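Visitor: Sequence:
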Amino acid sequence: MEDSSGSVIALIKAWGSGLDQDMWLDAADARKRGITSSAGGIKLVEIHDPKKLEEMLKQLAMGKSVGILSVWPDKAKKPLQFVIKKGQSLSIPEFDCSLKILDYMPHYSIDAKTRKARNVSKQPVNPAIKVRCTKGDSTTEQWLWSRFPSSPHSKAKLPFRSEFTAFDFGKKAGRYILAGAADSELWIMFFKDGKVVAEKARTGKDYPLSDAKYAVAIKEYYGSGIIKDEWKNGDESLVRPAIIATVQKGQKEKEMVLEMGKRGRYSDDDEAITLLFGRKANPKMKGRGKGEPVK
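Those letters in the sequence shown? Residues 9 to 303, per this note's numbering, in order.
The set of hints was computed from the structure by calculation and includes no laboratory data. Nothing here was measured: the structure is a model prediction, and the numbers come from that model. Fair warning: there could be bad hints in the mix.
[What the hints assert, rightly or not] When the alpha-carbon atoms are kept at most 20 Å apart in a straight line, the in silico DMTMM-like pairs for lysine to aspartate or glutamate are as follows: (1) Lys138 - Asp119; (2) Lys213 - Glu228; (3) Lys93 - Glu171; (4) Lys51 - Asp37; (5) Lys165 - Asp191; (6) Lys108 - Asp145; (7) Lys40 - Asp201; (8) Lys86 - Asp145; (9) Lys40 - Glu263; (10) Lys227 - Glu171; (11) Lys260 - Glu102; (12) Lys21 - Glu228; (13) Lys40 - Asp28; (14) Lys227 - Asp34; (15) Lys143 - Asp119; (16) Lys60 - Glu207; (17) Lys21 - Asp214; (18) Lys94 - Glu171; (19) Lys59 - Asp214; (20) Lys165 - Glu228; (21) Lys179 - Asp201; (22) Lys51 - Asp219; (23) Lys86 - Glu63; (24) Lys200 - Glu228; (25) Lys66 - Glu228; (26) Lys257 - Asp37; (27) Lys40 - Asp219.
[As the list claims (entries may be wrong)] Okay, the calculated beta carbon distance ranges per label pair: (28) Asp214 - Asp104: 40 to 50 Å; (29) Asp119 - Thr282: 20 to 30 Å; (30) Arg140 - Met268: 42 to 52 Å; (31) Glu267 - Lys93: 17 to 27 Å; (32) Arg140 - Ile118: 12 to 22 Å; (33) Trp23 - Glu193: 20 to 30 Å; (34) Ala47 - Ser146: 43 to 53 Å; (35) Lys121 - Pro81: 20 to 30 Å; (36) Thr44 - Val255: 32 to 42 Å.
All C-beta atoms, glycine included, are put in the ideal place defined by N, C-alpha and C.
Turn these sequences into a full structure, and let the hints guide you.
Guide: Right, here's the structure in full:
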């Protein structure tokens, strides 16, 4: 639903042989930014400055750029965003520091013997950049992954919140990136006829994946909206018991559905918490599986 305090969201339809599914994508939620498969995929990206949307996409379509680096000044709700390429240097007055993109790997991996980072393919399976931050006499280097908030292999952290969004299509058709901003039209990028194409997205149009039997289409788009889930109880019997829990941390709240016996994972920029909804033993009851839900 439309909401001025929300983020870029889109309702996507994926269809094909044995597939007919609608799903909401949310650029602000890492778990809901996109879908991927062996036949291709689609993801949603938010450009926080509407005036720079078209300009940034044109830069990304030129082919030399690897993605967008987003950095958040202290207490800022919206980040500064830069189109980046390997070897590029950035001066950021808001942080009184300079950044350099030291390396880019489309398929980042760790060598089991040397424990050093290495690239294992040309396809964007696990895109990552290595960033150096220089502030006075202090220098910090860190890997940033496109699929994860930060690298678990690095103890050093940049002195500000940062995020890397890869725009690498691996020179393959069937991969799509949607880019939008508040009060602006939705754009779509993809690889076609040997080059990256950036154009305004069309609602209702089928965008084929690499397997012609499958495609995705955009049903709805909001430059500023929120996804509101409505939970329903399908059965009064305990076939698939679950609870709806609210996790509160500071001023942030997040609603989660915890199914009996299944681990639920809550994560933010600083930490991750695993939650489990189970049963505790009742000494007055005998027999396997009997007890009462944990409160």
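Visitor: Take the hints in turn and mark each one as holding or not.
Guide: Hints, one by one, checked against the model:
no. : hint                        : verdict
1   : Lys138 - Asp119             : holds (16 Å)
2   : Lys213 - Glu228             : holds (12 Å)
3   : Lys93 - Glu171              : holds (15 Å)
4   : Lys51 - Asp37               : holds (11 Å)
5   : Lys165 - Asp191             : violated (34 Å)
6   : Lys108 - Asp145             : holds (15 Å)
7   : Lys40 - Asp201              : violated (29 Å)
8   : Lys86 - Asp145              : violated (28 Å)
9   : Lys40 - Glu263              : holds (14 Å)
10  : Lys227 - Glu171             : violated (28 Å)
11  : Lys260 - Glu102             : violated (26 Å)
12  : Lys21 - Glu228              : holds (10 Å)
13  : Lys40 - Asp28               : holds (18 Å)
14  : Lys227 - Asp34              : holds (14 Å)
15  : Lys143 - Asp119             : violated (31 Å)
16  : Lys60 - Glu207              : holds (15 Å)
17  : Lys21 - Asp214              : holds (9 Å)
18  : Lys94 - Glu171              : holds (16 Å)
19  : Lys59 - Asp214              : violated (28 Å)
20  : Lys165 - Glu228             : violated (38 Å)
21  : Lys179 - Asp201             : holds (9 Å)
22  : Lys51 - Asp219              : holds (18 Å)
23  : Lys86 - Glu63               : holds (19 Å)
24  : Lys200 - Glu228             : violated (24 Å)
25  : Lys66 - Glu228              : violated (24 Å)
26  : Lys257 - Asp37              : holds (16 Å)
27  : Lys40 - Asp219              : violated (23 Å)
28  : Asp214 - Asp104: 40 to 50 Å : holds (49 Å)
29  : Asp119 - Thr282: 20 to 30 Å : holds (29 Å)
30  : Arg140 - Met268: 42 to 52 Å : holds (47 Å)
31  : Glu267 - Lys93: 17 to 27 Å  : violated (44 Å)
32  : Arg140 - Ile118: 12 to 22 Å : holds (20 Å)
33  : Trp23 - Glu193: 20 to 30 Å  : holds (24 Å)
34  : Ala47 - Ser146: 43 to 53 Å  : holds (46 Å)
35  : Lys121 - Pro81: 20 to 30 Å  : violated (40 Å)
36  : Thr44 - Val255: 32 to 42 Å  : violated (27 Å)
Hint violations for this structure: numbers 5, 7, 8, 10, 11, 15, 19, 20, 24, 25, 27, 31, 35, 36, all remaining hints satisfied.
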